[in-house]
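Chemist: Residue-level listing of the chains:
2 protein chains.
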Amino acid sequence: MNADLRLGEEVMDRVDELARFSASFEGLTRLYLSPQHRAAVDLVAEWMTEAGMPASVDAVGNVVGRYEGQEPGLPALLLGSHLDSVRNGGKYDGTLGVLAAIACVKRLEGRRLPFAIEVFGFGDEEGVRFPCALTGSSAVAGTLERSHFDVSDADGVVLSDALIEFGGDPDKFESVARNRADVLGYIEVHIEQGPVLENEGIPVGVVTSIAGASRFAVSVTGSSGHAGTVPMSMREDALAAAAEVVLDVERRCRGQDHLVGTVGQMNVEKGAPNVIPGTAHFSIDIRSPDDEVRKTAIDDIGRSIEAIGSRRRVRFDIRRTYEYPSCLCSAGFIEHLEAAVAHFGIKPRQISSGAGHDAMVLGELTRVGMLFVRCKGGISHAPEESISVQDVDTACRVLNSFVDALATAGET
Amino acid sequence: MNADLRLGEEVMDRVDELARFSASFEGLTRLYLSPQHRAAVDLVAEWMTEAGMPASVDAVGNVVGRYEGQEPGLPALLLGSHLDSVRNGGKYDGTLGVLAAIACVKRLEGRRLPFAIEVFGFGDEEGVRFPCALTGSSAVAGTLERSHFDVSDADGVVLSDALIEFGGDPDKFESVARNRADVLGYIEVHIEQGPVLENEGIPVGVVTSIAGASRFAVSVTGSSGHAGTVPMSMREDALAAAAEVVLDVERRCRGQDHLVGTVGQMNVEKGAPNVIPGTAHFSIDIRSPDDEVRKTAIDDIGRSIEAIGSRRRVRFDIRRTYEYPSCLCSAGFIEHLEAAVAHFGIKPRQISSGAGHDAMVLGELTRVGMLFVRCKGGISHAPEESISVQDVDTACRVLNSFVDALATAGET
Numbered sequence: 001m002n003a004d005l006r007l008g009e010e011v012m013d014r015v016d017e018l019a020r021f022s023a024s025f026e027g028l029t030r031l032y033l034s035p036q037h038r039a040a041v042d043l044v045a046e047w048m049t050e051a052g053m054p055a056s057v058d059a060v061g062n063v064v065g066r067y068e069g070q071e072p073g074l075p076a077l078l079l080g081s082h083l084d085s086v087r088n089g090g091k092y093d094g095t096l097g098v099l100a101a102i103a104c105v106k107r108l109e110g111r112r113l114p115f116a117i118e119v120f121g122f123g124d125e126e127g128v129r130f131p132c133a134l135t136g137s138s139a140v141a142g143t144l145e146r147s148h149f150d151v152s153d154a155d156g157v158v159l160s161d162a163l164i165e166f167g168g169d170p171d172k173f174e175s176v177a178r179n180r181a182d183v184l185g186y187i188e189v190h191i192e193q194g195p196v197l198e199n200e201g202i203p204v205g206v207v208t209s210i211a212g213a214s215r216f217a218v219s220v221t222g223s224s225g226h227a228g229t230v231p232m233s234m235r236e237d238a239l240a241a242a243a244e245v246v247l248d249v250e251r252r253c254r255g256q257d258h259l260v261g262t263v264g265q266m267n268v269e270k271g272a273p274n275v276i277p278g279t280a281h282f283s284i285d286i287r288s289p290d291d292e293v294r295k296t297a298i299d300d301i302g303r304s305i306e307a308i309g310s311r312r313r314v315r316f317d318i319r320r321t322y323e324y325p326s327c328l329c330s331a332g333f334i335e336h337l338e339a340a341v342a343h344f345g346i347k348p349r350q351i352s353s354g355a356g357h358d359a360m361v362l363g364e365l366t367r368v369g370m371l372f373v374r375c376k377g378g379i380s381h382a383p384e385e386s387i388s389v390q391d392v393d394t395a396c397r398v399l400n401s402f403v404d405a406l407a408t409a410g411e412t
Numbered sequence: 001m002n003a004d005l006r007l008g009e010e011v012m013d014r015v016d017e018l019a020r021f022s023a024s025f026e027g028l029t030r031l032y033l034s035p036q037h038r039a040a041v042d043l044v045a046e047w048m049t050e051a052g053m054p055a056s057v058d059a060v061g062n063v064v065g066r067y068e069g070q071e072p073g074l075p076a077l078l079l080g081s082h083l084d085s086v087r088n089g090g091k092y093d094g095t096l097g098v099l100a101a102i103a104c105v106k107r108l109e110g111r112r113l114p115f116a117i118e119v120f121g122f123g124d125e126e127g128v129r130f131p132c133a134l135t136g137s138s139a140v141a142g143t144l145e146r147s148h149f150d151v152s153d154a155d156g157v158v159l160s161d162a163l164i165e166f167g168g169d170p171d172k173f174e175s176v177a178r179n180r181a182d183v184l185g186y187i188e189v190h191i192e193q194g195p196v197l198e199n200e201g202i203p204v205g206v207v208t209s210i211a212g213a214s215r216f217a218v219s220v221t222g223s224s225g226h227a228g229t230v231p232m233s234m235r236e237d238a239l240a241a242a243a244e245v246v247l248d249v250e251r252r253c254r255g256q257d258h259l260v261g262t263v264g265q266m267n268v269e270k271g272a273p274n275v276i277p278g279t280a281h282f283s284i285d286i287r288s289p290d291d292e293v294r295k296t297a298i299d300d301i302g303r304s305i306e307a308i309g310s311r312r313r314v315r316f317d318i319r320r321t322y323e324y325p326s327c328l329c330s331a332g333f334i335e336h337l338e339a340a341v342a343h344f345g346i347k348p349r350q351i352s353s354g355a356g357h358d359a360m361v362l363g364e365l366t367r368v369g370m371l372f373v374r375c376k377g378g379i380s381h382a383p384e385e386s387i388s389v390q391d392v393d394t395a396c397r398v399l400n401s402f403v404d405a406l407a408t409a410g411e412t
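Chains A and B are the protein sequences, given in the same order. All residue numbers for the first sequence refer to my numbering, where the first residue is 1 and numbers rise by one. All residue numbers for the second sequence refer to my numbering, where the first residue is 1 and numbers rise by one.
Hints listed in this document are in silico derivations from the structure and should not be mistaken for laboratory results. Just so it is clear, the structure is predicted and the values come from calculations on it, not from any experiment. Hints are all accurate, no fakes.
Note that identical chains are pooled: a pair holds if it fits in a single copy or bridges any two copies.
Straight-line Cα separation of at most 30 Å, BS3-like style, residue types lysine-lysine; simulated pairs: (1) Lys106 x Lys347; (2) Lys295 x Lys270; (3) Lys106 x Lys376; (4) Lys270 x Lys376; (5) Lys347 x Lys376.
Please model the complete structure; the sequences and the hints are all you need to start from.
Modeler: This is how it looks when you write it as structure tokens:
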């Protein structure tokens with residue numbers, strides 16, 4: 001489609017350069033506030049500066065560059081994504097959006113727009129090192145509390161100490177928050193992390209909403225016993241009860257569009273082949289772009305769990321560990337993005353995001369939009385994560401076109 | 001029932017003495033060939049000697065005392081059980097049978113019978129340290145092969161090395177085997193490890209058979225994926241497939257008498273709340289006193305697993321990790337034990353053992369019998385394992401009476 005792929009090639013080269021900053025050989029491991037994260041942030045700050053944006057690292061570890069508009073201090077369009085990764089993940093998840101945003105500013109070559117642009121490389125989108133997530137974007141959105149920094153990682157390192165060692169300052173997290181009046185909106189380019197675009201042969205998709213999500217940690221307690229001596233009729237098997245819930249979550253979510261449910265963890269406490277499970281622990285994750293659909297499903301599953309518990313004489317303890325409402329993308333942004341996509345001869349494809357993103361957090365501060373890039377096999381969070389230089393080039397051009405249209409429309 | 005509980009009291013005191021030899025504070029942890037096992041073996045050898053039996057530790061770590069009959073070298077009635085325990089288990093499982101046997105010889109006070117008695121404290125009945133089980137009794141039954149000693153524990157210690165350090169000799173394991181002609185039979189006293197006797201208010205039960213058991217390690221491989229982005233209809237969820245098997249094992253075994261089935265372990269590889277399980281591992285344990293019933297159930301479950309695999313597009317890999325046929329107790333021993341039980345005014349209660357025991361291994365060498373002792377709540381393999389001094393006293397008297405009756409009947 002585009003014979004000249006320079007935009008895409010530069011972004012892909014830089015993705016590879018950043019992928020060297022990894023704690024693992026196979027796959028990318030760049031955890032929040034790790035030395036690898038710091039190295040990535042520093043290199044990204046250099047690239048921002050080189051693209052014409054004075055850059056700095058803020059109090060919570062985000063790297064941010066600001067490209068002023070036609071006069072200093074104008075409200076800013078925020079662009080970006082995150083620089084941290086899961087353990088043994090892929091190199092495009094997050095990083096792509098930061099580098100596409102820098103490329104977008106770079107190609108302006110000093111041309112000033114009727115608004116400023118701020119490019120963010122957020123920290124802690126993934127939430128794998130500490131028992132929290134989305135720290136960087138939440139600080140910008142102004143939704144953090146001081147206690148957020150009191151949690152510890154698996155080695156007992158407290159988030160606030162790790163942040164100080166990184167060069168941040170937990171006491172100044174409030175200074176990171178933006179005022180609504182200073183912000184025009186937020187646009188994020190991200191890999192799809194799902195199979196839809198690939199299945200339909202479309203390079204990019206325009207996100208209409210980000211699913212709301214609820215996550216639960218469930219423990220079920222029955223009675224342990226000898227696998228050979230307790231008759232089937234006298235058992236209170238915790239794993240069998242948990243298995244019923246796994247299938248109930250699946251059945252309930254299969255039965256409805258725009259709803260997914262997953263039991264991703266399952267563990268029998270002191271499990272042994274010859275012992276009837278006395279206690280089992282598992283997770284439940286429920287998502288939908290429609291909060292009502294999600295809540296109704298959770299209520300239904302809760303009632304099923306209650307019925308399973310009383311029928312099987314086991315006790316369920318359910319703790320909510322994560323809750324984020326769905327986020328609707330700005331209708332205006334969707335329209336502009338679709339126009340930009342169509343401009344390159346691509347049929348606009350609206351898509352709902354089942355994964356969470358920094359954009360949903362920024363949605364509490366300002367209007368947001370997202371552009372998804374097709375990825376191979378729908379795979380993410382794995383070393384096999386893969387995208388094509390052509391698709392990246394297309395995404396960069398769409399983003400540029402979107403920014404230009406916004407400037408022309410005089411949206412300030 | 002018995003005002004004089006001296007027999008039971010001495011056995012209970014000695015159980016407590018041996019319980020000091022534990023690697024854990026809570027519960028008893030006396031693993032095969034551990035220092036705690038060695039200390040227990042040495043003290044038991046002292047008690048054997050004191051009861052009139054020259055005692056020694058054999059090449060595989062069994063402690064054995066021999067009480068000669070009316071002339072040296074007569075065939076022996078074997079008595080005993082095991083001295084090793086599970087991790088954090090109870091103090092009566094195994095130990096009770098060894099100490100009841102010593103008490104039985106002790107009260108003969110030198111009186112000679114028309115047969116010898118050999119008392120065994122077997123090692124490695126439980127099979128928790130090394131990936132093998134019933135080592136001690138298998139050596140006596142003559143069913144071991146040299147390769148048995150090549151396995152390693154979780155720390156990488158090879159069984160044969162551990163045995164040498166313990167004071168045994170893996171190269172001499174064949175010397176431990178008994179000739180059929182030298183053995184009259186084997187009798188084992190053991191806690192029930194189930195709730196039947198307690199439910200019916202009966203102190204001891206006469207075992208008619210020991211269930212055969214098959215154990216499997218199952219892996220199921222589907223496709224991992226993002227919990228938010230892969231539609232329900234496109235999933236190949238390994239845990240959901242495993243959950244179906246858990247419920248199928250339960251359903252199949254519930255539907256038939258004299259059959260139990262258990263999934264005791266379940267683990268999602270790299271499980272995370274927001275990741276669709278790609279691989280899950282679990283165990284299946286199937287037992288029945290009737291080998292045909294067990295085999296038919298295994299065939300049925302295998303067919304179900306095949307159907308689940310093809311319907312869900314996941315692959316099951318099934319590995320058999322344990323297989324022991326059922327063991328019928330000697331009709332003559334059952335009759336003698338029932339008479340002994342009735343002699344003390346207790347209604348004889350026949351009971352089938354769902355748990356495996358050294359007796360089933362000895363069953364390959366000679367006729368066997370077992371006497372079960374009621375235990376609290378049916379609990380075993382846990383610190384809460386508990387039996388009463390009255391019941392132990394009764395069990396000792398029944399054993400004595402059985403041995404006397406055997407002597408009177410002139411069974412040699």
